[in-house]
Amino acid sequence: MSGTTIERAGAASIARTPRRRVSRDTLLGAGTLIGFLLVWKVVHWLGLFPPWAFPSPEQVVGAFVDLTRSGQLPANTWASLLRQIVGVFLAAAVGIPAGLLLGASRTARAALLPLCRLIYPIPGIAWIPLAILWFGIGFKSTVFVIFFTGLWPILFNTMAGVSTLEGQYTDVARVYLAPRLFYVRKILIPGSLPFIITGVRLTYGVGWRVIVGAEMISSITGLGFMIDDARWQLRPDVMVAGMITIAMIGWFMENWAFDWLERVTIERWGMKTAPR
Amino acid sequence: MVEIQTLSKRYQVDEGEIVALAATSLTIGEGEFVCLLGPSGCGKSTLLKIVAGLIPASGGSVLINGHPVAGPGPDRAVVFQDYALFPWMTVNDNVEFGLAARGVDATRRHQVSGELLRVVGLGDFAAKYPHHLSGGMKQRVSIARALAVDPVLLLMDEPFGALDAQTRYVMQQELLRIWRGYRKTVLFVTHSIEEALYLGDRVLIMTARPGRIKADLRVSQPRPRDVAGDEFTRLRKQTLDLLSEEIARSMEQDSARAVTS
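First to last, the sequence lines map onto chains A and B.
Per this note's numbering, the first sequence starts with residue 1, numbered consecutively.
Per this note's numbering, the second sequence starts with residue 1001, numbered consecutively.
Think of the hints as simulated: they come from the structure by calculation, not from any bench.
Note that the coordinates shown come from a computational prediction; the quantities given were computed from them, not determined experimentally.
There could be a bad hint or two in this list.
[Stated by the list, open to error] Think about it this way: if two alpha-carbon atoms lie no more than 30 angstroms apart in a straight line, the pair counts; the simulated DSS-like pairs of lysine-lysine are:
1) B:1128 x A:272
2) B:1237 x B:1214
3) A:186 x B:1128
4) B:1184 x B:1128
5) B:1184 x B:1214
6) A:272 x A:186
7) B:1184 x A:186
Let the sequences and hints guide you as you build the complete structure.
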């Protein structure tokens, strides 16, 4: 009798353990978030900062509602997103082929890497004044800055991805007489894809982090402009609402869009090595 | 069929020159199953890669049906030890790879891959990706990919080296069954005496580096061979005697290198 009870209890706990751990992790994460909001509220209530420099959580929620109603938040979010998408797309359009070329050709590496290594350490923000002179204030100069900042992660990652294919896969391609273009299409690009996706992910991340700085200087629309502009109106609630919007879009892309892309490609192929 | 004449391979390293293969000559007849057996590092894989056209020889020549080898060609296919399947292609697309590279149209490709997947017993796995398969199944796909291009010479570089003993035994029987059906000429590299004697019409024993052919044993025992029988035991003893000397020399070379480096 007692034997069966123990067995049953054991089976039940084994079945339940993983689900319980997930909910415990979720609770811990949510608890910290609530704790953070409480500390925020208490700091505001103590009046450590003047009210024109430190908004309460409710004021930020209010700013969200007002900005959404007035259409200001959607318009600026769209402006930033469009620049971001175009910038990242251009960085990928140049960075992926360039990375494939640099990875596959020793001659290209010898010719181009020294120049790349010289330009790469220049922060994207440092390009802004020049970008304004070239393209004026607005869309083009911001896109240019995102492009130039985002080019490097994707380029260097793609290059590293190609070098992992050396040996085994290239031998198979040679044995079966794969023509050059066929090799690029069927082996080089899909084989480097884990690295290319990581590269685009990083490019997206650095682009989104630099866009705010760029918009503060070289634009009169976008979330960066909205945050900077709120300074003149002494509206810290608007600033924080803008910052939270940036965080949420970044979080969504990182956790949903790119994970989805990985699921339908490299995870399906069993090429993802370690869980993130 | 295959004529290898005074083939040699030297590598330049920091300490000077390594002779991987010393003036090796051999001929393989049409439809023959030849096993190349030797201690690790004796140059047997080097020999196979030169015949495949993947690396150039330092001297000598390889003729296939009278044509000298100067790189990979449509008359040869290779089965690699670690399968070398493309993880982003389905089993079917992996098998079709060689044909697709040659521009064969999709209908014909599909016909060939369908038949070969049935032959290797993977008819139901065409749409799966390689990571869903076990090691033995992956190697079946790799064999199907090699047969798909209809080579005259099938080169196999320790293809079952990464498999467990049972799977290995099953795969050896499978390979013989497929070989009987397609009658390809096979050059099969291995370091397992039992495998070489179980599979080959001939077993070529190589010396430690620099590699040469030390002995050319003809195994006339009919297949399937009884690995516990007197004839097999006698051959195994003979092979082991020939090989153990070379294994000892190969290990000496390794320890000498470990001391100097």
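For residue 186 of chain A and residue 1128 of chain B, compute the direct alpha-carbon distance and say whether it is at most 30 angstroms. 17 angstroms, holds
When you check the alpha-carbon spacing of residue 1237 of chain B and residue 1214 of chain B, does it fall within 30 angstroms? 16 angstroms, holds
Check whether the Cα positions of residue 1184 of chain B and residue 1214 of chain B lie no farther apart than 30 angstroms. 25 angstroms, holds
Can the restraint linking residue 1184 of chain B and residue 1128 of chain B be considered satisfied, given a maximum Cα separation of 30 angstroms? 28 angstroms, holds
Compare the distance between the alpha carbons of residue 1184 of chain B and residue 186 of chain A with 30 angstroms, and conclude whether the hinted pair is satisfied. 28 angstroms, holds
For a C-alpha distance cap of 30 angstroms, please report whether residue 272 of chain A and residue 186 of chain A respect it. Answer holds: residue 272 of chain A to residue 186 of chain A is near 19 angstroms, not above 30 angstroms.
Sort out whether residue 272 of chain A lies within 30 angstroms of residue 1128 of chain B, counting only the CA atoms. 17 angstroms, holds
Comparing the model with each earlier hint shows no violations; every hint is respected.
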